[in-house]
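Generate coordinates for the entire structure from the input sequences, incorporating the hints supplied.
Residue numbers (the numbering used here), protein chains in the order written: chain Z, -5 to 403; chain D, -5 to 403.
Any given hint could turn out to be false.
Given that identical chains are not distinguished, each listed pair holds provided it fits within a single copy or across any two copies.
Claimed, not checked - Below, simulated DSBU-like cross-link-like pairs (lysine-lysine); rule was C-alpha separation at most 30 Å, straight line:
1. Lys29 <-> Lys175
2. Lys381 <-> Lys158
3. Lys118 <-> Lys(-4)
4. Lys158 <-> Lys175
5. Lys175 <-> Lys381
6. Lys119 <-> Lys246
7. Lys381 <-> Lys38
8. Lys246 <-> Lys36
9. Lys147 <-> Lys79
10. Lys119 <-> Lys79
11. Lys38 <-> Lys8
12. Lys256 <-> Lys147
13. Lys147 <-> Lys351
It should be emphasised that the hints constitute simulated quantities derived from the structure, not laboratory data.
There are 2 protein chains.
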Amino acid sequence: MKNVLGCVCVSCGKETGAEVDTTTCPSCGGMLDVKYDYAFIKTKLDRQSLASSADFSMWRYLPLLPIEEGSELSPLRVGWSPLYKADGFGESLGLKNLYIKDDGLNPTSSLKDRASAIAAVRAKKAGKNTVACSSTGNAASSLAGNAAAMGLKSFIFVPERAPKGKVAQLLVFGAHVFCVKGNYEDAFRLSAEAISRWGWYNRNAAINPYLMEGKKTVSLEIAEQLGFKTPDYVAVSVGDGCTIAGVWKGFKDLYALGLLDKLPRLISVQASLCCPINRAAETGNAIEKMDEDTIADSIAVGVPRNGDKALAAIRESNGITVNVTDDEILSAMRRLGAAAGVFGEPAGAAGSAGLIKLAEQKRIPPNALVVSIVTGNGLKDVVNAQKAAGEPNFVNPDMASLSPLVESF
Amino acid sequence: MKNVLGCVCVSCGKETGAEVDTTTCPSCGGMLDVKYDYAFIKTKLDRQSLASSADFSMWRYLPLLPIEEGSELSPLRVGWSPLYKADGFGESLGLKNLYIKDDGLNPTSSLKDRASAIAAVRAKKAGKNTVACSSTGNAASSLAGNAAAMGLKSFIFVPERAPKGKVAQLLVFGAHVFCVKGNYEDAFRLSAEAISRWGWYNRNAAINPYLMEGKKTVSLEIAEQLGFKTPDYVAVSVGDGCTIAGVWKGFKDLYALGLLDKLPRLISVQASLCCPINRAAETGNAIEKMDEDTIADSIAVGVPRNGDKALAAIRESNGITVNVTDDEILSAMRRLGAAAGVFGEPAGAAGSAGLIKLAEQKRIPPNALVVSIVTGNGLKDVVNAQKAAGEPNFVNPDMASLSPLVESF
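This is how it looks when you write it as structure tokens:
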């Protein structure tokens, strides 16, 4: 990888080589961050090369990704999700320049496809035939889907509360699925032991520094789709911390390449009863474990594994933290759907819930360029979609039954 | 619409004008088909204009669509779904050139978005503020989503058996939903009465000839994504008949424009216990009502409203009819998922089920260029996905519980 210089520990600053898929810092155990040779990358990627690229997937940014030369790429169309100008939704919030990035339209219906595609590609290049991870669901199904498309086996560890839709999806992808009797922490720990014992490729975003590099492509796209204009604010839901860290990395990469002239402020949105990262950002204390008490299962992470990187992203971006209740998340699902035609799962809509809250508190200037990332498709979690949506009207098949209802609307 | 010459009745051949959103043939009540001015369209659309188009959605084919000049277009990214070369899946079928068109990645997760986008655009242009349809689900959610994105109200009639995921999705889009106590036929009849009474824009594909024109964009894309090479076979599931008719129309359009040098053979796939169109095609008799007995709810249509157009498409294309059992559909869901990383709902995977059946009967030459269209996302119907997928392994959070399982795989 001529474009990658190596990795550096986000805790102690020690530098290591580039072959670090399954390790943390050899000195202190901290998370590693990938360092790029931007001077080299500038010779491979610029506005013009992007404008002439016919690859409308995350692979259009290959010079900015930790992929070995000659790697077989995942054939699924990961990335290049639509960025919608959401005027109706924006108007209801007093925002004139609001955009929605619908990452629920990825191949397995979540942003996590961006990380899993990296994992599948690197696993195959490394000669592994099995990939594994623990996940509340989306990392799992995205890994299973991308592994299936590349002919790899997958072993997946999920906490038993994972929604049935997500579990069914990854079973259909042919994954071997273990529902671990316990919470996300238990599933994570067991997967780590098993990966170590059997030598599988490790897709746990908490250990593998390359996965965040996949996630950053969401920001590369946002910037390109906006004509290389930096949003003033980017709202995203936060669980493990890997996604917001990836969002930040993408903008920093483009800034380092001279393709953006400033950086955005991040809006870090967590659930009110499970907000260990936001709490640490607000108090300045270390991250402490919280209960995983929210309907937004994809961000119900009591012990965030990428907390340090997330905190750095919030701090460096002069970010804003905001916590939202389950009711606020359900309301955001309805508002996103009815005003913008975008159907997000609870964690997917949580970023917008946070934005709604800030907008209603007049903390976002009306003319600001704002992007809210919807990280997963509402079909992933129909039970909560029903909570958000309410019940339909049941009618007999005749006008006498229908008319009073229609005339009441 | 300078590109549209008018409409012609598929039953009696009578020609009418172009303003026919909500009517059938004034002479005989037959379905209408839109006629284009291909000489004019040739001046607006060719390989070069497409190659330089930056619009990667169905609107890239605007010169071939019945959209009034100056119409506001649906902002959702409908169309340009990925076409995957599915080598692993193809190999298992003895097919060397098998492609999967994943239309489950449309904004509301089905091919029906292509028709509903046309409806929403035409409704808005006509000054209507309300759209309506009856549907087993996907037409409904796609209409609700596209209407929401364009600021229109929607009234939706679904039979009571519609899967909960689909109903929740359209409620989130802010639609007024009526669950009609009865089957699809009852829902259709009631919607027709209501539309007539209240003057809403009619998105029922059985009446509105323009909707099929949206669906045809799936074929325009397939052809373009294959470099303007015609597939030898295109497999698609068939319910109401509108989709296969649209698939055929798209290829015929490109042939008329000189962009393709031949036409494909269509593979019309229906459920074994609900196959009125295939039965009519095979026997030469008229279409007769059947029970709606299949898990594939999107194609469980006992009285197909677009049967005539579907029969014409099968006949003109020297098509192949094949019926599949529910078990064959569930098996196809697993095979598509595990071999190609594509998750289809039952009706979405039914086309592939038919293809599997034909391939196993050696009725498809190994070198044939074959496309199977997956019409909807598996997340739409989790109950049946679970039937296809089976159950995960439940384990305690310790290696003693895990090891025997892993070592048994």
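Comparing the hints with the structure gives:
no.: 1; hint: Lys29 <-> Lys175; in the structure: neither (38 Å within a copy, 61 Å between copies)
no.: 2; hint: Lys381 <-> Lys158; in the structure: both (16 Å within a copy, 12 Å between copies)
no.: 3; hint: Lys118 <-> Lys(-4); in the structure: within (19 Å within a copy, 53 Å between copies)
no.: 4; hint: Lys158 <-> Lys175; in the structure: both (15 Å within a copy, 27 Å between copies)
no.: 5; hint: Lys175 <-> Lys381; in the structure: both (26 Å within a copy, 22 Å between copies)
no.: 6; hint: Lys119 <-> Lys246; in the structure: within (27 Å within a copy, 43 Å between copies)
no.: 7; hint: Lys381 <-> Lys38; in the structure: neither (48 Å within a copy, 48 Å between copies)
no.: 8; hint: Lys246 <-> Lys36; in the structure: within (14 Å within a copy, 46 Å between copies)
no.: 9; hint: Lys147 <-> Lys79; in the structure: between (39 Å within a copy, 20 Å between copies)
no.: 10; hint: Lys119 <-> Lys79; in the structure: between (39 Å within a copy, 20 Å between copies)
no.: 11; hint: Lys38 <-> Lys8; in the structure: within (28 Å within a copy, 59 Å between copies)
no.: 12; hint: Lys256 <-> Lys147; in the structure: neither (42 Å within a copy, 40 Å between copies)
no.: 13; hint: Lys147 <-> Lys351; in the structure: between (43 Å within a copy, 26 Å between copies)
When the structure is compared with the earlier hints, violations turn up for hints 1, 7 and 12 and for no others.
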